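J.: Protein sequences appear in the order of chains A and B. If you use my numbering, the first sequence corresponds to residues 1442 to 1906, in order. If you use my numbering, the second sequence corresponds to residues 1442 to 1906, in order.
Where hints are given, some of them may not hold.
The list cannot tell twin chains apart, which means a pair is met if one copy fits it or any two copies do.
Said to hold, decoys possible - Pairs of lysine to any residue, SDA-like flavour, derived with a Cα cap of 20 angstroms:
id : residue 1 : residue 2
1  : LYS1801   : LEU1812
2  : LYS1801   : TRP1732
3  : LYS1801   : HIS1489
4  : LYS1801   : GLU1523
5  : LYS1801   : LEU1496
6  : LYS1801   : VAL1464
7  : LYS1801   : ASP1636
No lab work stands behind these hints: they were computed from the structure. As the structure is a computational prediction, the values presented were derived from the model and not from experiment.
There are 2 protein chains.
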Amino acid sequence: MPNLALPDESFRDSDADGFDPAVVTAQARDALEAGNGAALATLVAPLHPADLADLIETLPAADRPVLTNTLDPERLAEVLPELHETVRVPLVEQLPPEHIATALTQLDSDDVLGILEDLDEEQLAAVLSTVDVEDRAYIETGLSYPEDTAGRLMQQEVVAVPRGSSVGGAIDRLRRMGDEELPTSFFDMYVVDADGRFVGAVPVHRMLLAPRAQSIDALMVPDAHPVEALSAQSAVAHVFRQYDVVSVPVVDAGGRLVGMITADDVVDVIDEEADRELMNLARGGQSDPHWSLWELARARFTWLFVNLGTAVLASAVIGLFEAAIDQVVALAVLMPIVASMGGNAGTQSLTVTVRGLAMKEIRPGTGLRFLCREMAAGGLNGIAFAVVGGLVAGLWFGDPWLAVVFAVAMIVTLLVASLVGTAIPFLLQRLRIDPAVASGVILTTATDVVGFFAFLGLAAVLLLG
Amino acid sequence: MPNLALPDESFRDSDADGFDPAVVTAQARDALEAGNGAALATLVAPLHPADLADLIETLPAADRPVLTNTLDPERLAEVLPELHETVRVPLVEQLPPEHIATALTQLDSDDVLGILEDLDEEQLAAVLSTVDVEDRAYIETGLSYPEDTAGRLMQQEVVAVPRGSSVGGAIDRLRRMGDEELPTSFFDMYVVDADGRFVGAVPVHRMLLAPRAQSIDALMVPDAHPVEALSAQSAVAHVFRQYDVVSVPVVDAGGRLVGMITADDVVDVIDEEADRELMNLARGGQSDPHWSLWELARARFTWLFVNLGTAVLASAVIGLFEAAIDQVVALAVLMPIVASMGGNAGTQSLTVTVRGLAMKEIRPGTGLRFLCREMAAGGLNGIAFAVVGGLVAGLWFGDPWLAVVFAVAMIVTLLVASLVGTAIPFLLQRLRIDPAVASGVILTTATDVVGFFAFLGLAAVLLLG
């Protein structure tokens, strides 16, 4: 029973799938250093392709080709799709094109595309020139769909049977299909009409239970949830979430069956969506374990630089009130609290809105109601923290007017923060910018500026006016 | 072709699945107000259970039972698992226990558990007393697994065949199984030994292609990735991510087959994981569309209150240096920039670390290397922003010593921020606290305190000392 996921307390140190990377990696390194190819081959032979890919990723870059060169084309084909892009590209680039082409014949078309789309044009052309005409057509069709569409995610290998076939006829047809035509695994057969248009889906388990003579049309499920090849991948993820399916057929604009998408591909899409939303809040906290330190620092630098710009903007607001701070130094002590509360409240609204839009929980027509609700919550908490914060400020500095200024600034800031945090994602969506990418930075700038302005401006008027 | 996901530009307003909630909801409300049950029933009849659930959720709470009462038990059973918990619980609570029990017989055991685990003890006992002995055993077994384990996620309905069966024998066995025993849909048959221990998995599509006389053992796939019933759900998600499977068998500690988990359930787990990580960064930005405004505001209040505490702590640090600020008011203008840069850099490291731990990309033994890398990146950017920030500060206030203080504070703060942002998730994990829940708040407090202390402390020593 290999790869058994042991019961754990969720956060224990050892790996859930029984593959101990530290041990295997150390052994593999020893074999590599000793130049012992036979030992290396024996060591990695029992590993699942995904685990072997993990092992390759942990090796120093220079040792990776030594290991991959020991793999036969079939094994190499299984491992390539599992490798991280930044590790895979240099490996693939140094393989002879005909070697790549041989490996690719083993894979479903979605994995082939995933590997080829990262190559430069020259190398892509070289690989395409060595594959046969049929494979080339497959690849070129796949690459013709824009990135982030269902067409890029799907595999073109599907099992299609003509409308009106008998179950027995469909099974016989399946048996006649070659390994290359058949998907590596599938859960539905698709019924098509004479023009290749999608008619319905028949779960494979239903076919097992049916007599050979039965018409396949009678086994179709009522809802197959076909998606169009040009649909956004996020729309595909929504179909999987909403309808609890494990695969969906893909059709072209004319309704013709062109491929299928399985749940394992959608899991990747969902992870990428979550990554994008996190990165928005983390403002540039992306990382690629295979980046050099230089690349890592540079990626972070860009976002920190943007942050410096917005922070300077907020500080410029403070600069307007230098005179006030000079007279009442307590203002300098309290002002970061107002900005921090605004940033926090705004982020709460922002996160809920970005997530709600991505998960399609906020539906057309309910946007205004959602906005009002967020602002009402922000306003209620503004009042609550006006009281709490006012008490804190009053007791700390013994100045009732300072407490009043602090309290009023808190209400204004939390109300505006909720408004801005909710409105930004809606506006970005309307401008066709992914709200999960850009909204975090805009929000912080807005809440800082509003927070400092409300507090220091009020102070200038009420305390010094 | 219902529910076709149209090509979209990802952010258009209309809904991806062709269900226009605004229109259907308006029509349903009209029918409800007119007391026209027949019109209502016709209106909702063609809807997918998941879409009908969405419709019910958009209705005012008082109208929901009116609609659900028009549904027959089978339809009600399909809709209940799709409803949001906060909408479902009050609906289920007012249904007669025997009505619930009838509905539940239609569902796979994982959906039954999902509904029953939210009931209070009294109602659960009432429902259990009306179901038959076999169903009760199923339910009690399911509820015996702790929350967040594979056992809670799995369905107990599986197709198991004895080792050594022929394909034909297995299919005949399948045909003899009743609807209640059979999973609603399945993609693998599981081979078990005489003691019920899991031996291997046979994809259903392989059975279609095999002759009836063939032994089923020959069709088993080499890696079936069984998980233990007491495994954490996050470990199960890892198996689906790593091995691109759409279902896995679940075994008990003795290796006996007890259930299976399908990809649609894991998609929910992955979404919940992502939600938890987002909420960490959003510091309390959770929301439930069915909460009252009061509940929403209260949930947010708690986190804002924590934030107030940490902000006051940071301000207390500023308070220590009131004298310095009183003399050099430019310090008050510049200090939020240092804290902001520290917060941003720390969040970058924190996000990458939390995500890397959750996705098991950071593996045991590589933690220290990861920490050094993050700190090196933080240090490099500290130097970069010491130069950039120092220039800005120097030009703004025309004081070279202020620029030096600002530059040194930037290096210290960014370095410490990377250290703290990376170290917190590791420490929390070691303390068996989910790093995705608690690390954000700790980080901000630390970076604020360090940022203010470094900048103002240095200023006090160098500028005024």
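J.: Tell me, please, which holds for LYS1801 and GLU1523 at an alpha-carbon limit of 20 angstroms: within, between, both or neither?
T.: Between copies only: 15 angstroms across chains, 30 angstroms inside a chain, cut-off 20 angstroms.
J.: Can you give me the call for LYS1801 and VAL1464, within, between, both or neither, at a CA distance of at most 20 angstroms?
T.: between (44 angstroms within a copy, 16 angstroms between copies)
J.: Indicate which option fits the pair LYS1801, TRP1732 if close means a Cα-Cα distance not exceeding 20 angstroms: within, between, both or neither.
T.: between (34 angstroms within a copy, 18 angstroms between copies)
J.: Give the relationship of LYS1801 and ASP1636 under a CA distance limit of 20 angstroms: within one copy only, between copies only, both, or neither.
T.: neither (34 angstroms within a copy, 47 angstroms between copies)
J.: How would you classify LYS1801 and HIS1489 at a CA-CA limit of 20 angstroms: within, between, both, or neither?
T.: So LYS1801 and HIS1489 pass the 20 angstroms test across copies only (16 angstroms; inside, 36 angstroms).
J.: Pop the pair LYS1801 and LEU1812 into one bin, within, between, both or neither, using alpha-carbon distances up to 20 angstroms.
T.: Classified as within: same-chain Cα gap 15 angstroms, cross-chain 37 angstroms, threshold 20 angstroms.
J.: If the cutoff is 20 angstroms on CA atoms, where do LYS1801 and LEU1496 land: within, between, both or neither? Let me know, please.
T.: This pair counts as between: shortest inter-copy Cα distance 13 angstroms, intra-copy 38 angstroms.
The structure does not agree with numbered hint 7 stated previously, though it agrees with all others.
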